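Novice: As given, the protein sequences belong to chains A and B, one line each in that order.
Position in the first sequence counted from 1, then plus 1, gives you my numbering.
Position in the second sequence counted from 1, then plus 1, gives you my numbering.
Hints are computed from structural coordinates only; laboratory data are not their basis.
Note that the structure is predicted; figures quoted are calculated from it, not measured.
Since the list can't tell identical chains apart, any single copy or any two copies may satisfy a pair.
Think about it this way: if two alpha-carbon atoms lie no more than 30 Å apart in a straight line, the pair counts; the simulated BS3-like pairs of lysine-lysine are:
| no. | residue 1 | residue 2 |
| --- | --- | --- |
| 1 | K276 | K242 |
| 2 | K217 | K181 |
| 3 | K61 | K116 |
| 4 | K217 | K242 |
| 5 | K206 | K108 |
| 6 | K181 | K206 |
| 7 | K242 | K206 |
| 8 | K217 | K206 |
| 9 | K278 | K42 |
| 10 | K168 | K48 |
| 11 | K276 | K42 |
| 12 | K168 | K217 |
| 13 | K242 | K278 |
| 14 | K173 | K206 |
| 15 | K85 | K181 |
| 16 | K217 | K46 |
| 17 | K276 | K217 |
| 18 | K217 | K26 |
| 19 | K217 | K278 |
| 20 | K7 | K109 |
| 21 | K108 | K217 |
| 22 | K46 | K278 |
| 23 | K7 | K116 |
2 protein chains.
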Amino acid sequence: MNIHFKNICIVGVGLMGGSFALALKAQGFKGKITGIGRTRKNLIKAKRLGVIDFYTTEYKAAVQNADLVLLATPVGWAEPIVRKIRQHLKKGAIVTDVGSVKSRIVKKIEPLMPKGMHFVGAHPIAGRECSGIECATAELYRNARCIITPGAHTDKKALKKVVQLWKAVGSKVVLMEPEKHDMIFAEVSHLPHVVAYALVNSIAKTENNILHHGGKGLRDMTRIALSSPELWRDICEHNRKNLLNSLRNFSSHVSHLTHLIQRSDWPGLENEFSKAKEARQILE
Amino acid sequence: MNIHFKNICIVGVGLMGGSFALALKAQGFKGKITGIGRTRKNLIKAKRLGVIDFYTTEYKAAVQNADLVLLATPVGWAEPIVRKIRQHLKKGAIVTDVGSVKSRIVKKIEPLMPKGMHFVGAHPIAGRECSGIECATAELYRNARCIITPGAHTDKKALKKVVQLWKAVGSKVVLMEPEKHDMIFAEVSHLPHVVAYALVNSIAKTENNILHHGGKGLRDMTRIALSSPELWRDICEHNRKNLLNSLRNFSSHVSHLTHLIQRSDWPGLENEFSKAKEARQILE
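So here's chain A without its partners, still in its complex pose (with noise of 0.2 Å):
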């Protein structure tokens, strides 16, 4: 394994931030790993189910020897926190996190960033509904994609060192622009998870327990209604100029199909549901 870094942060010791702790140690990670986070009671869990190997909820603590430090918090969260430890980064420390945005991200942090020390976003594509500690695994990024961002002015040792560490948790990692970044993942993952949502308020505002009626097709199709509010609030509040057009985009397909079906255009709404068969057959 190929990790440049003795002493690792997490922020926020979650799903994300606690299942990247797991594979490092899985990984045969010899150094430290100090987590912080709001509620002593989960860092205190974290460490009871060996996670982490230290914890703390004091900023300067847990960053002051860190030479990675990993923000794995709801997106909105992570440039207030690097406004926080940033003047008690180590000489030479890197910052990544595990957001679902990057463009606002790249754009706020890296000149927050004090010189010697660099920023270089991440997004893993890897989840669960299920979130918490509790959750966490060290299989989590096996094998999942992880996007990461380098921006106009990313140091290119740092950026090197950020690929290892991702690749060494187990994902493959692919380099994309922050902006082209935000526009594909508004499409492939914002969009959709703001229509589950949707549908499921939709459905249960008809009538009491009408969603038991529902089949597989209904259960696969809204699971990721169960993911965390506050986390798809504030992803939807990152990149909410690309989700716009997209929900935009989406509604006049609604609507073409809907008229598609008011005009009893029966040819052409098999013709549709042809298109979207065809175009989804590429996914597996």
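Since chain A is already given, all that's left is putting chain B on it; use the hints.
Specialist: Below, chain B alone, put in the same frame as chain A:
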């Protein structure tokens, strides 16, 4: 096993019809199963696989000795097929089906049945994205709900026999009025399918190969877009009015979330996400 039929005819020997035959045989059914369908090639394959005992492409030969006829075709074919078979039905024969929309079928088919013969509509909540005889399995209906939809004039004895038949193939029978059935399934099944097709088309249109970037959430959410376009066009046609209501209701929920994002009302958005999460939690 309590099956009141000796000769069973299955019209349409694909996933649904083939699985029905396999389930009967797995339960020790000793009678004869005759298959009829559009293509001789498929029927030959079904016989070779041991799914059916005989096959024919002539309606008269298929149904004249049958105590029970199962219509296992897309919903749009049920009525035209009944018009073709009714003069050949055996005295006392019972016809049932697997259609996903019930109100129109029950209304159209009941008056077509000759005196002493009966139609009892059924909708087994079972399916796979994979279709055709190759995907048929004796387990398809096991523990799946099967909605049976007696109309005002349904014969009580025929109803009882059809209920026992669907229980014999492993399903859990629920009785429901056809109109109520169609309203509920517009919401929990037909709407989600149309939304999945719209979602795939909407995403696929933005950029070549963009779907490849999606994770498990997108795959789960769009899996039902792999369903048969012909089958789902028919379902939309048969449940047009309910489905249009569901689509309008859904579109207004999407608009509501879009407006919250547009207005940057993040607490309002989180509140909607939380409502959806809570409603969805009852499902697993």
